Amino acid sequence: MDYKYIEQLLTRYFEAETSIEEEQILRAFFRQDNLPENLCHFAPLFATLDEEATCTLPDSFDDRVLQRISETAQQVVRAERPTLLNVIRPWLQAAAAVVIVVLTGFGAQRAFDRSDNAAWDYNPASFQNSYDNPQQAYKVLENGLELFRRTAQADSVMAPLESKTLQK
Amino acid sequence: MKRALFSLAFILCTVLSLSAQTEKDFSSRFLEQEGVSAEVNCQTIGPDMIAQLASSYATQLSNEEVAQLKNIKSMRVVRSISTTKVDELFHDALSLLQQDKGRYYEILSYGEKKLFGRKKNKTIVELILLVREDGFFNLVNLTGTYDEQTLKQLISKTQ
Amino acid sequence: MPNIDFRSDLLPLKNKLFRLALRITMDAVEAEDVTEDTLIRVWEKRSELENIRSLEAYCLTVCRNLALDRHNLRANQNDSLDDTDHEAIDVAPSPLDQLVNSDNLARVREIFARLPERQRTMLQLRDIEGLRHSQIAEIMQTSEETVKVTICRARQRMRKDFETIENYGL
Chain A
1 MDYKYIEQLL TRYFEAETSI EEEQILRAFF RQDNLPENLC HFAPLFATLD EEATCTLPDS
61 FDDRVLQRIS ETAQQVVRAE RPTLLNVIRP WLQAAAAVVI VVLTGFGAQR AFDRSDNAAW
121 DYNPASFQNS YDNPQQAYKV LENGLELFRR TAQADSVMAP LESKTLQK
Chain B
1 MKRALFSLAF ILCTVLSLSA QTEKDFSSRF LEQEGVSAEV NCQTIGPDMI AQLASSYATQ
61 LSNEEVAQLK NIKSMRVVRS ISTTKVDELF HDALSLLQQD KGRYYEILSY GEKKLFGRKK
121 NKTIVELILL VREDGFFNLV NLTGTYDEQT LKQLISKTQ
Chain C
1 MPNIDFRSDL LPLKNKLFRL ALRITMDAVE AEDVTEDTLI RVWEKRSELE NIRSLEAYCL
61 TVCRNLALDR HNLRANQNDS LDDTDHEAID VAPSPLDQLV NSDNLARVRE IFARLPERQR
121 TMLQLRDIEG LRHSQIAEIM QTSEETVKVT ICRARQRMRK DFETIENYGL
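As given, the protein sequences belong to chains A, B and C, one line each in that order.
Per this note's numbering, the very first residue in the first sequence carries number 1; after that it's consecutive.
Per this note's numbering, the very first residue in the second sequence carries number 1; after that it's consecutive.
Per this note's numbering, the very first residue in the third sequence carries number 1; after that it's consecutive.
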């Protein structure tokens with residue numbers, strides 16, 4: 001028998017040059033008995049591949065997986081019934097959630113605004129003291145307040161304060 | 001589920017941003033506008049220092065001063081370094097104030113001396129005083145909580 | 001691929017997936033879990049898979065990734081052709097000479113298990129599952145050229161190790 005063809009295939013096999021069909025040919029060849037001596041030691045390599053291909057899952061697997069699937073499937077079926085309520089439901093829920101948050105937010109705002117302190121809406125962290133020494137800070141404060149105190153010393157026309165005239 | 005979460009998150013962000021304390025006082029805006037300018041310097045007294053002064057200096061302060069400190073949360077004094085370019089500084093500050101009509105309103109005006117305020121609902125939360133003193137530009141910027149009465153006390157000299 | 005049906009589209013792939021998972025994890029129980037998880041995961045994503053070219057390739061990719069995750073091998077994955085032994089999973093590495101006395105097929109299986117994961121997986125997909133190089137490239141997220149080179153190395157390695165054992169026996 002001429003094994004030249006097989007030997008050629010084999011060489012190309014180890015170069016990963018063979019096609020799937022050619023590999024099938026090699027596998028089929030090595031399943032035979034009475035292989036020539038120079039080739040028979042390759043037989044186990046291919047035989048292992050055959051054997052590995054027969055490895056399968058136990059039957060219980062199908063049941064297990066189908067069980068898990070049916071659990072999720074039931075949920076899907078329920079959701080897919082296209083009634084109007086089912087379609088609107090997520091939006092209704094979303095809207096309800098939004099309303100609750102907005103009302104809470106407004107309620108909180110209202111509660112805050114009642115106390116003057118919360119009306120002060122500046123970021124405390126944005127005021128970095130120029131002086132760590134209270135004495136120096138005090139001087140600055142005093143000077144600033146002094147300027148304010150002199151504000152109402154009228155030497156020209158005065159815009160009304162909150163529609164009430166300023167009284168000394 | 002996703003939709004609900006998205007709407008919720010959006011509304012939450014809006015509400016939170018509305019109630020978040022992110023306001024800047026006028027001096028900060030003014031200084032930003034002026035850029036890194038050698039024309040002015042700024043002295044800041046923050047809320048913590050104010051509180052410290054109110055407690056540790058209580059004995060040295062008059063009753064009125066102590067009462068006044070209760071209303072103040074912060075003070076910034078922006079002063080010009082020289083007497084040059086003072087007109088421009090007044091002009092810049094004034095236009096910045098007047099630009100934002102919804103925000104700042106004019107309380108008093110004596111020629112060049114001006115007092116502006118910012119209100120939050122019924123409370124005055126910021127006071128901005130522009131005044132030329134000895135040729136220098138002065139911007140005194142208070143933040144705190146004032147009503148008509150406490151404001152009156154602040155700006156009038158009691159003898 | 002519209003409307004994937006579990007029984008007719010996914011379940012038939014179970015054995016291919018199992019063999020791949022087994023090849024990577026070398027543990028039948030884990031391989032079963034990985035197979036189950038793969039099928040469930042693909043099933044849950046079925047609505048996103050409408051434009052997919054090959055469901056089989058997708059399933060095998062998911063399966064491989066899950067199997068690798070189980071063994072934390074993904075961190076060591078790189079696209080280098082230089083697959084070295086440190087990628088082999090921790091099968092008790094008996095020296096080759098100890099294999100001389102065991103059954104031929106067992107020897108080959110042992111040698112197979114010693115291959116670095118990428119070589120092992122690609123050989124599995126080609127020689128056992130019969131996939132084309134292009135399909136393997138898609139699953140392994142690499143080029144066809146790399147697939148060819150890797151399989152070449154894997155086969156030559158198998159031959160070399162097997163011949164080494166034979167020489168021990170002589």
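Honestly, the hints are just simulated from the structure, not real lab data.
Some hints could be false.
Said to hold, decoys possible - Within a straight-line C-alpha distance of at most 30 Å, the following computed DSSO-like cross-link-like pairs (lysine-lysine) qualify:
1. B:K24 with A:K4
2. B:K70 with A:K139
3. B:K85 with B:K122
4. A:K4 with C:K160
5. B:K113 with B:K152
6. B:K101 with A:K139
7. B:K152 with A:K139
8. A:K139 with B:K113
What the hints assert, rightly or not - DEER-style ranges, computed between Cβ atoms:
9. A:E17 with C:H71: 49 to 59 Å
10. A:L92 with C:S134: 21 to 31 Å
11. C:D103 with A:T56: 43 to 53 Å
Every value quoted in this text rests on a predicted model; they were computed, and no experiment measured them.
Backbone N, C-alpha and C fix where the C-beta goes; we use that ideal spot for every residue, glycine too.
Return the numbers of the hints above that this structure violates; sort them in rising order.
1, 3, 6, 9, 10 and 11
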